[in-house]
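K.L.:
So you can see what is in the structure, the chains are spelled out below.
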Amino acid sequence: MTQDIIGGGVMGLAMAAELTARGRQVRVIDRQHGAGPHHCSWWAGGMLAPDCEGETAEEPVVRLGREAADWWQAQGAQVMRRGTLVVALGRDRAELDRFARRVPGRLLDANAVAALEPDLAGRFGRGLHVETEAHLDPRATLSGLRERLVERGVTFETGEGRVMGPAIDCRGLAARDVLADLRGVRGEMLVLRAPELALTRPIRLLHPRYPLYVVPRGGGIYMLGATQIESAGRGPATVRAALELLSAAYALHPAFAEAEILEIGADARPAFPDNLPRIRRRGGIIHVNGLFRHGFLLAPSMARMAADWICDGIKPEVCDEDHG
Amino acid sequence: MVSFYGTPVASRLMLGTAQYPSPKVLSEAFRRSGAGIATVSVRREAAAGEGADFWALVRKLGVRLLPNTAGCHSAREAVTTARMARELFSTDWIKLEVIGHADTLQPDPWGLVEAAAILCAEGFKVFPYTTEDLVLAERLLDAGCEVLMPWGAPIGTGLGLANRYGLRALRAQFPDVPLVVDAGLGRPSQAAEAMEMGYDAVLLNTAVAKADDPAAMAEGFARAVEAGRLGFEAGAMEPRDMAAPSTPLIGKAFLA
Chain A
1 MTQDIIGGGV
11 MGLAMAAELT
21 ARGRQVRVID
31 RQHGAGPHHC
41 SWWAGGMLAP
51 DCEGETAEEP
61 VVRLGREAAD
71 WWQAQGAQVM
81 RRGTLVVALG
91 RDRAELDRFA
101 RRVPGRLLDA
111 NAVAALEPDL
121 AGRFGRGLHV
131 ETEAHLDPRA
141 TLSGLRERLV
151 ERGVTFETGE
161 GRVMGPAIDC
171 RGLAARDVLA
181 DLRGVRGEML
191 VLRAPELALT
201 RPIRLLHPRY
211 PLYVVPRGGG
221 IYMLGATQIE
231 SAGRGPATVR
241 AALELLSAAY
251 ALHPAFAEAE
261 ILEIGADARP
271 AFPDNLPRIR
281 RRGGIIHVNG
291 LFRHGFLLAP
301 SMARMAADWI
311 CDGIKPEVCD
321 EDHG
Chain B
1 MVSFYGTPVA
11 SRLMLGTAQY
21 PSPKVLSEAF
31 RRSGAGIATV
41 SVRREAAAGE
51 GADFWALVRK
61 LGVRLLPNTA
71 GCHSAREAVT
81 TARMARELFS
91 TDWIKLEVIG
101 HADTLQPDPW
111 GLVEAAAILC
121 AEGFKVFPYT
131 TEDLVLAERL
141 LDAGCEVLMP
151 WGAPIGTGLG
161 LANRYGLRAL
171 RAQFPDVPLV
181 VDAGLGRPSQ
191 AAEAMEMGYD
201 AVLLNTAVAK
211 ADDPAAMAEG
221 FARAVEAGRL
231 GFEAGAMEPR
241 DMAAPSTPLI
251 GKAFLA
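Each protein sequence line maps, in turn, to chains A and B.
With the UniProt record's numbering as the guide, the letters of the first sequence map in order to residues 1 to 324.
With the UniProt record's numbering as the guide, the letters of the second sequence map in order to residues 1 to 256.
Calculated from the structure, these hints are not laboratory results.
Any given hint could be a false lead.
Claimed, not checked - Just a few of them, taken from the derived set where beta-carbon distance is under 7 angstroms, the chain A residues facing chain B:
#1 His-38
#2 Glu-59
#3 Asp-181
#4 Pro-211
#5 Gly-220
#6 Gln-228
#7 Ser-231
#8 Ala-232
#9 Pro-273
#10 Arg-278
Stated by the list, open to error - Computed spacing ranges between beta-carbons, pair by pair:
#11 B/Gln-173 / A/Gly-90: 45 to 51 angstroms
#12 A/Pro-60 / B/Asn-163: 54 to 60 angstroms
#13 A/Arg-82 / B/Leu-134: 44 to 50 angstroms
#14 B/Asn-163 / A/Ala-110: 32 to 38 angstroms
#15 B/Arg-76 / A/Arg-31: 37 to 43 angstroms
#16 A/Gly-324 / B/Arg-83: 37 to 43 angstroms
#17 B/Asn-163 / A/Pro-254: 32 to 38 angstroms
#18 A/Ser-247 / B/Asp-176: 40 to 46 angstroms
#19 A/Ala-110 / B/Thr-91: 31 to 37 angstroms
#20 B/Arg-164 / A/Pro-254: 38 to 44 angstroms
#21 B/Met-237 / A/Thr-132: 27 to 33 angstroms
#22 B/Leu-159 / A/Ala-257: 31 to 37 angstroms
#23 A/Pro-254 / B/Ser-74: 26 to 32 angstroms
Just so you know, even glycine gets a beta-carbon here, dropped at the ideal spot from N, CA and C.
Using the sequences plus the hints, can you model the full thing?
P.N.:
This is the structure:
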């Protein structure tokens with residue numbers, strides 16, 4: 001029997017990979033052909049940073065997120081394991097103390113910051129290195145996984161509308177038509193080319209008003225993110241968001257002033273009221289959703305749990321509704 | 001019970017709804033604190049298109065909503081945002097913020113009075129976010145405001161009551177106007193102090209939302225507000241230099 005998956009973003013593809021690995025025949029039905037801007041994972045940062053996310057996210061995100069780096073590597077993704085560097089500007093030093101109180105890591109002095117990221121030498125007196133964390137390039141990863149799935153016999157179809165038969169619904173925010181408690185949380189991002197800068201790991205710049213993360217994509221390309229606004233709006237990024245992100249990047253390193261702006265993007269992430277993911281069974285449909293800002297971090301464990309349920313009858317810990 | 005524009009409110013604690021780890025934590029903070037009023041930001045969410053999902057969650061808190069004009073830097077922007085808020089939340093209550101200084105988020109006194117006059121004339125019940133300046137307070141009351149919300153310290157700083165003299169003077173000057181210390185509170189003790197000074201309520205957001213345990217911190221603030229209010233109502237003693245033992249010495253074996 002062919003297993004239908006609706007939605008071909010990060011959750012749908014991870015789901016397809018898990019089921020294929022367990023010998024199932026899989027078909028993925030998506031709104032459009034190919035991995036692209038219609039998926040909110042297309043706009044993701046690609047940080048596999050369970051500990052840093054734990055600053056505000058609840059325990060399951062941290063624990064389940066620890067599976068992510070190994071899982072993506074096993075799928076052939078290029079996973080960079082260089083940890084996360086967390087810094088704060090002079091007058092926001094208290095922010096770093098607060099962060100270090102909640103997130104385990106190695107506290108660095110100015111020399112250690114410079115040793116880790118030479119381009120930040122002299123700019124930060126202190127930092128926090130969360131060594132176990134990793135990052136990847138979301139778009140390359142989505143496209144790569146899709147190709148791999150095709151090689152393994154997964155079929156991809158384009159289609160809209162409701163699937164009537166048994167299926168796994170991985171549509172993200174589009175599933176609001178059936179999941180009433182799902183909401184959108186908007187994020188805005190930029191992609192810059194700053195060949196003068198050689199940052200090698202995700203940098204988080206703490207700030208009481210304008211927090212920023214910068215994720216290196218290699219080749220002098222950097223992704224800047226991301227705002228978090230309580231809105232399901234998917235329209236273009238606002239000037240305010242762009243100003244905030246760019247000002248913060250400039251404060252991180254003035255060389256960003258010379259960077260080229262390659263892209264400004266925005267989308268809305270699917271989230272439940274506690275910002276934790278859920279697996280629900282309603283009739284023949286299993287909903288896997290609510291990954292919030294943790295798409296690449298949580299898709300592996302969510303896919304594993306959903307596949308355990310489908311193939312072996314093990315009910316997932318994140319299941320809050322089971323009307324078989 | 002404290003009243004604003006003739007509407008009694010059960011709790012003297014008002015909480016903002018921004019920056020919480022999740023809407024669920026936000027609702028726990030309200031549940032544990034019993035806060036009576038929730039402020040909600042309109043501008044950014046509305047500007048981005050659809051904030052309806054979050055607003056629905058805020059409505060479910062079951063408390064009185066006080067939309068604000070946070071993020072507005074001119075009277076015109078603030079007036080437009082207030083009108084939008086009235087439609088969105090079906091309330092004529094508006095917390096009026098007109099920011100005059102981008103770094104400290106200090107209110108723009110001129111823009112504030114201008115916007116307050118326009119909105120009061122349109123029937124809004126305006127809660128102006130202001131400084132402790134007495135003249136500005138007078139102008140806002142002239143414009144039609146019946147509540148004042150002086151800052152404790154700049155928004156989000158957690159510095160507490162930065163100008164105690166100014167806040168005392170404001171309270172003394174306007175004994176019959178409901179006064180709410182808004183912004184700058186970082187710890188429950190600071191909220192208690194504001195209430196002991198005779199302020200009618202306090203409004204805060206960051207101190208709760210960014211605490212390690214927001215719901216517990218919200219409860220801490222709620223108790224502090226209650227303690228401070230009781231302290232005010234009960235009439236606190238004046239400090240004095242001479243020690244006065246609460247147990248008389250006579251009859252005690254103090255010579256032993």
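K.L.:
Hint by hint, note whether the structure agrees.
P.N.:
These are the hints, each one checked on the structure:
For A/His-38, the interface hint is violated, the least distance from its beta-carbon to any beta-carbon of chain B being 17 angstroms, above 7 angstroms. The criterion of a C-beta within 7 angstroms of any C-beta in chain B is not met by A/Glu-59, whose closest approach is roughly 12 angstroms, and the hint is violated. About 9 angstroms separates the beta-carbon of A/Asp-181 from the nearest beta-carbon of chain B, more than 7 angstroms, and the hint is not met. Annotation: interface hint on A/Pro-211 violated; nearest CB of chain B at approximately 11 angstroms, more than 7 angstroms.
Annotation: A/Gly-220 was flagged as interfacial toward chain B, and the flag is violated, the nearest CB pair being 30 angstroms apart, outside 7 angstroms. Contact between A/Gln-228 and chain B, as hinted, is not supported at the beta carbon level, the nearest pair being about 9 angstroms apart and thus beyond 7 angstroms. Annotation: interface hint on A/Ser-231 holds; nearest CB of chain B at approximately 4 angstroms, less than 7 angstroms. Proximity of A/Ala-232 to chain B holds as hinted, the smallest CB-CB distance being about 4 angstroms (cut-off 7 angstroms).
The restraint placing A/Pro-273 at the interface with chain B holds, with a minimum CB-CB distance near 4 angstroms, inside the 7 angstroms limit. For A/Arg-278, the shortest C-beta to C-beta distance to chain B is roughly 13 angstroms, which exceeds 7 angstroms, and the interface hint is violated. Between B/Gln-173 and A/Gly-90 the beta carbons are some 39 angstroms apart, a value that contradicts the proposed interval 45 to 51 angstroms. Distance hint for A/Pro-60 and B/Asn-163: a CB-CB separation of about 45 angstroms, inconsistent with the stated range 54 to 60 angstroms.
For A/Arg-82 and B/Leu-134, the hinted distance range of 44 to 50 angstroms is not satisfied, since their beta carbons lie about 57 angstroms from each other. For B/Asn-163 and A/Ala-110, the Cβ-Cβ distance of about 37 angstroms falls inside the hinted range of 32 to 38 angstroms, so the restraint holds. In this structure the hint that B/Arg-76 and A/Arg-31 lie 37 to 43 angstroms apart at CB holds, the actual value being about 41 angstroms. One distance hint, 37 to 43 angstroms for the beta-carbon pair A/Gly-324 and B/Arg-83, is violated here, with the actual separation near 50 angstroms.
About 36 angstroms separates the C-beta atoms of B/Asn-163 and A/Pro-254, a value consistent with the hinted range of 32 to 38 angstroms. Between A/Ser-247 and B/Asp-176 the beta carbon distance is about 45 angstroms. The supplied range of 40 to 46 angstroms therefore holds. For the hinted restraint 31 to 37 angstroms between A/Ala-110 and B/Thr-91, the CB-CB distance of approximately 52 angstroms leaves it violated. Checked against the hint of 38 to 44 angstroms, the pair B/Arg-164 and A/Pro-254 passes, with Cβ atoms roughly 41 angstroms apart.
Against the hinted window of 27 to 33 angstroms, the Cβ-Cβ separation of B/Met-237 and A/Thr-132 comes to about 57 angstroms, which falls outside the hint. Judged by the Cβ atoms, the range 31 to 37 angstroms given for B/Leu-159 and A/Ala-257 holds: they are separated by roughly 33 angstroms. Checked against the hint of 26 to 32 angstroms, the C-beta distance between A/Pro-254 and B/Ser-74 comes to roughly 30 angstroms, which is consistent with it.
Hints 1, 2, 3, 4, 5, 6, 10, 11, 12, 13, 16, 19 and 21 from the list above are not met by this structure, while the remaining hints are.
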